[in-house]
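Asks: If you read the sequences in order, they're chains A and B.
Quick note on numbering: the first sequence equals residues 11 to 732 in our numbering.
Quick note on numbering: the second sequence equals residues 11 to 732 in our numbering.
Warning: the hint list may mix true and false statements.
Copies of the same chain look alike in the list, so a pair counts if it works inside one copy or between any two.
With a straight-line Cα cutoff of 25 Å, these simulated DMTMM-like cross-link-like pairs (lysine to aspartate or glutamate) come out [said to hold, decoys possible]: (1) Lys-303 - Glu-537; (2) Lys-175 - Asp-590; (3) Lys-16 - Glu-534; (4) Lys-12 - Glu-534; (5) Lys-704 - Glu-251; (6) Lys-113 - Glu-309; (7) Lys-704 - Asp-514; (8) Lys-212 - Glu-534; (9) Lys-16 - Glu-555.
Just so you know, the hints here were simulated from the structure itself, not pulled from any lab data.
All figures in this text were calculated on a predicted structure; none of them were measured in a lab.
2 protein chains.
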Amino acid sequence: KKRALKRWILTFAVGVVQAVVATSCNFASRSMTSRKYDYIYELLNPSFVESSTAFWNFCLIQVLLCAVASMFVYIEPVSGGSGIPEIKCYLNGIDLPRVVRIKTLICKVIGVTFSVSGGLPVGKEGPMVHSGAVVAAALSQGKTTCWGVDTSFSKFSDFRNDREKRDFVACGAAAGVASAFGAPIGGVLFSLEEGASYWSTKLTWRAFFCAMTTILTIQAITNIDTWWGQTEVGRLFSFGEFNSISGGASNYSIWELPIFGLIGCLGGLIGAVFNAANEHLTIWRMKRVNHSKIRRVIEVIVISLGVSVVSFATPLIWGRCTELPQDMQDWSNQEKNLVESLVPFQCEPGKEYNEVASLIFTEADTAIKQLFHFREGGGEDNSTFSSGALFLFFVPYIMMSSVVYGIAVPSGLFVPSLLAGAAFGRLCGHLLHKLDHTSGTFADSGTYALMGAAAVLGGMARMTISLTVILLEATGDMQYTLPLMIVLMSARFTGNVFNEGLYDIHIHLKHIPFMEPEVPPVAERNEIVAGQVMSAEVKCLRPVERAGVVYDLLRSCQHGTFPIVDTASGGTLYGTASRDMLCTLLQRRAFGNPDVLDDYDNSDTLGTRRLSPLVQWDTIERAYPRYPNIDDIDIGEADRNCWLDLRPYANTAPYTINETASIQRTYRLFRTLGLRFLCVVNHNNQVVGIITRKDLLPESLTESLLRGRNAHVMEDDIHDLS
Amino acid sequence: KKRALKRWILTFAVGVVQAVVATSCNFASRSMTSRKYDYIYELLNPSFVESSTAFWNFCLIQVLLCAVASMFVYIEPVSGGSGIPEIKCYLNGIDLPRVVRIKTLICKVIGVTFSVSGGLPVGKEGPMVHSGAVVAAALSQGKTTCWGVDTSFSKFSDFRNDREKRDFVACGAAAGVASAFGAPIGGVLFSLEEGASYWSTKLTWRAFFCAMTTILTIQAITNIDTWWGQTEVGRLFSFGEFNSISGGASNYSIWELPIFGLIGCLGGLIGAVFNAANEHLTIWRMKRVNHSKIRRVIEVIVISLGVSVVSFATPLIWGRCTELPQDMQDWSNQEKNLVESLVPFQCEPGKEYNEVASLIFTEADTAIKQLFHFREGGGEDNSTFSSGALFLFFVPYIMMSSVVYGIAVPSGLFVPSLLAGAAFGRLCGHLLHKLDHTSGTFADSGTYALMGAAAVLGGMARMTISLTVILLEATGDMQYTLPLMIVLMSARFTGNVFNEGLYDIHIHLKHIPFMEPEVPPVAERNEIVAGQVMSAEVKCLRPVERAGVVYDLLRSCQHGTFPIVDTASGGTLYGTASRDMLCTLLQRRAFGNPDVLDDYDNSDTLGTRRLSPLVQWDTIERAYPRYPNIDDIDIGEADRNCWLDLRPYANTAPYTINETASIQRTYRLFRTLGLRFLCVVNHNNQVVGIITRKDLLPESLTESLLRGRNAHVMEDDIHDLS
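Using the sequences and the hints given, assemble the complete structure.
Replies: So this is what it looks like as structure tokens:
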């Protein structure tokens, strides 16, 4: 009861802290960006146009900022990238080292502030999700390794185990999505989708509460000047307000839905190409760059220089000035603000603007809003962004995004793909409008921009229902539910024909045993049983084992769990023992006298008499999560013959599976219960093998299947499996 | 591959058919209601006010309509009520008889049309969810019992097994929610939440697709007159359009959020009282009414008469005429339409209206829209609904809803609780406005009405995240996300202090072994192991068993699954056999010669030689879902000694659990894998007991705990368990 209360209080704290982190990060990057643009003001204005000094200053600032960002990744390599693959893995049950440490949090948040203001095509949304997860992990544990702070004396120690920590991380991730997109429900769904194996109603409510707290805190912070009156934005990231153009009715016609579906397919294609390009680049990087920290920093500097040059060159190539719209009486405030943020790159300020520069020399979310909301003038020349400008922006931008994701800076991918997609979608809208000049047949370009943004993001990330909800919440208008669903669904299906989502690609490139929610198709197509995929070389222990044997076993392999086999009763499974526990027992020297019995196997008379002093369960728990390493433990020659009685510590009811169970059933057991290890037994409950996550990856399954086939001499369709 | 395609096509068909069903039902009930009001036009107008004939006509029509509705429940008792508890059970893995039959669908849909037009405080949203589920089940199976249609020859037979059918039902339920509330994402979440045990990403996408198809079809049908131009409503149920009152900013202030939380708590209280009242009534009904079909019909007639009298009496008691608002230049179309739908009950039509009658003598969703959107005039007397009228409507209406739910008509609860809640919320708004006359301090009454609606619905149903999303989608305005979350959360927590959600109450009253997503608290608080809750009297079979033994066993009990124990090898678990399979085998007379061996146990030489003719697995599958009943099978005396070889049919890798496994672990296994039966084994894989769903219900656990306590002579805190 009391523990439940503490849990809720901590969840509340996670929400508040994440809101503060997100707001500060947002504020910092915004003010740094605007200072940057203030500094290079001459560049954006026609007066100083000849001055190449301005250009070099611009490059210098951008490169410097990026270099600072990469310094943080130099300090803590895990803080590079978006962090979403890492959080997916964590929720899936894989504990990657250093992902949820405070040091990572700090490097990530400060780093992303610099990389965003450094003008790279990156967003801070992915890092915010990571940040939420770390905040949750840190607060729930109340101790850090890097500073040696430990509050074991306090109330926090209740939550020091894998399950509680994972639950907190799930809540934190929800809060992270909520803070990044103002999408509390989308955040809860994101955690639910990724961590489905561990999910429960109670946890849903906690994640819900955590996301709610974050939103509330952000609203409270951003509206402090109006004394918490009517909230103006209430979120750090916004698509702006979509208004019904012809009051009451939707902004699109129902017969346009197939067109949206088509845009979704195109977005899926773009996403697939994007993913393929990034995959190849990442493989190249893993070979050539990533092994040296210095090379990674140099890469960042080179790429950021390249990005600066391209950012400068594209508006120059466009080189056309467009007149600002004059007749704005009936325009909304939002539209007027957007007009103000147009950039007069080499044009007369206040009268003209450069279309391409207006998309590049501004914050990404302003650019997205412009693409979504800038009114089409109606006539041809009067369109606020011409098709050529959109194309000139879209192609280099999406290529740069693909190159940048993976370099050693914290970088999210949501905003770049949304921006590129919005340009793409608006372009599609323009082309359709060219087909039909009389206004009103097709939806306005803003709607098409929204669809394009969803299509490209969906084609890249391939997230399911949570992405729809996140986009809906960011859009804030329910009339787009159906079109967005259609777009995301067609983007996903088109993309999946070619490759996986970008996050999954990165997870697989790192060879992480991530368990997809579905049984791999190779197992669906062929009938494999658990006995065929298990590894038969099992390293077992006896319920009462000599300390030397345990020590040697631990040193000889890196397994996390060992089956305990009762040799006295014919080799049946007694239970399992975890590596962490065995190490702690060895370190604590929980040995019994070697003279008590000569050999365990012949000792039916042993009964339940304990052979070694008892280490309190509490002692083992307190070491969480950093148990002693076997390499740091040494046992003397004299101790090697001592008996270690594992019976009080063994998990005597581990999940097991029969060797004749189908692989589907095994997979389902692993995935739904979030297991890492499973004993395979025969009909007499004798251990015949073990299955780990690695054995269930598609590659391993294919291999096992080949082995199995060979054994049964059925080689007729091996070519199927390639 | 081909099968997957068929699955998608069928899912598409489910979406389309459900949309057609929902649209027809909606159209029928709307036109019947409007005809009813046309007929009793005199009653609503002052001219005929003295005529008691009109009143008697009104009562007669209402009672007749309700009687027709109850006739359909007379034909098919399962079609009574909302159907949501039944669908929850089905998705939970409990197959209630006749729930997903076509006959149920027809009775439910026609019945709900009549009960809604009969003026009862019921909605058609719950029944729509049920309808979607049945449509899915029927289409996926392609055969019905009641008409004898069977398309086994066709392509449908692929999906005739429990798992496929359940997946289709989950998709159908999503489509049902989508059609009822225009909430596709809420629908998917509803299915996901209820059927979490069976969920997978692929299924999420199918449900998503199914819900999307439904919405699309409904939009296509409702917008057929504009040639699928810009969609006007696109959903059958709507909260109307919420407009920002002061452009751009939200309609409420941030500091009002705690007030919303308070309204949530009040709503939770109201919901708890509602549930408690309905629970007692239902218990009374189960004792006194439900055993006789005639009594149930009479109850419906009596109650519908009572409802008619109350509906008539309340506006009469109010007896005040309010002037219609005159100055409506700046009002939106929606508001003007709402003013037109006000009812001049005994007042001068076109000039005045009766406030209470305007809420009663109209369709429920129009009344909800009025409460949400009717403008507050500003001054005191000029308010469109006065506090007194709201109170006079709220109290009898919620009491009637509580009485009506459970009588023998198809009846949803969403709309009545939303309507009652809206009145309650608006009342709260009025009271707050009384505190402060200067406008603008508190949000408008419409916003409070929305919060009240969410609070009462949340307090009654206690659904989690799916309810929030459904309400959000129905509201169509994202600015209400945070307030709605706060309201629903506080309503849920307040309500849970007193009792469960109404659906859960009804499930428990029917003694259905529904597995909650959480381990019951009694198991959390105490350490119980599987061995303590299992039933030790296991009815086992041998791998090769005499037909007579099997026959007698099947007749002697109603178990669904039997463990097969290998007596030849010391009583270890060989596998399991289902009742359905055994019955089919007996019916097909799959017996072997009784002379082949004398007794199975002494036959180590048996090897894998088969003893009885093989019944094709296909034959057994084809009988799905109506396998032969043991009572219809008779075996001759001569057959009793024949051998039935179960080895080819046995499931040789059933899920098992060790007797020392904790109850939490057992529960988790049951819930996440959706099991109905689990063999408990000891360390030697010998069957020591079985656990069924019933053994894991809180009551059974408490009982087992008492038994276990007594065994260990630890009686110190038994009083805790009462």
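Asks: Are the hints correct? Go through all of them and say.
Replies: Hints and how they fare:
Taking the shortest Cα distances, Lys-303 and Glu-537 never come within 25 Å of each other, neither inside one copy (46 Å) nor across copies (52 Å). For the identical chains of this complex, Lys-175 and Asp-590 are intra-copy neighbours only, at 17 Å inside a copy versus 44 Å across copies, given an alpha-carbon limit of 25 Å. In this assembly of identical chains, the alpha carbons of Lys-16 and Glu-534 lie at most 25 Å apart only when taken from different copies (17 Å versus 44 Å within one copy). Taking the shortest alpha-carbon separations for Lys-12 and Glu-534, only the inter-copy value of 14 Å comes in at or below 25 Å, while the best intra-copy value is 46 Å.
Taking identical chains as interchangeable, the C-alpha atoms of Lys-704 and Glu-251 are never at most 25 Å apart, the minima being 47 Å within one chain and 52 Å between chains. In the homo-oligomer, the alpha carbons of Lys-113 and Glu-309 lie at most 25 Å apart inside one protomer (23 Å), although the nearest pairing across protomers, at 69 Å, exceeds that limit. Taking the shortest alpha-carbon separations for Lys-704 and Asp-514, only the intra-copy value of 16 Å comes in at or below 25 Å, while the best inter-copy value is 41 Å. Taking the shortest Cα distances, Lys-212 and Glu-534 sit within 25 Å of each other only across copies (14 Å), while inside one copy they are farther apart (33 Å).
When the C-alpha separation of Lys-16 and Glu-555 is checked against a cutoff of 25 Å, the pair qualifies neither within a copy, at 40 Å, nor between copies, at 57 Å.
In summary, the numbered hints that this structure violates are 1, 5 and 9.
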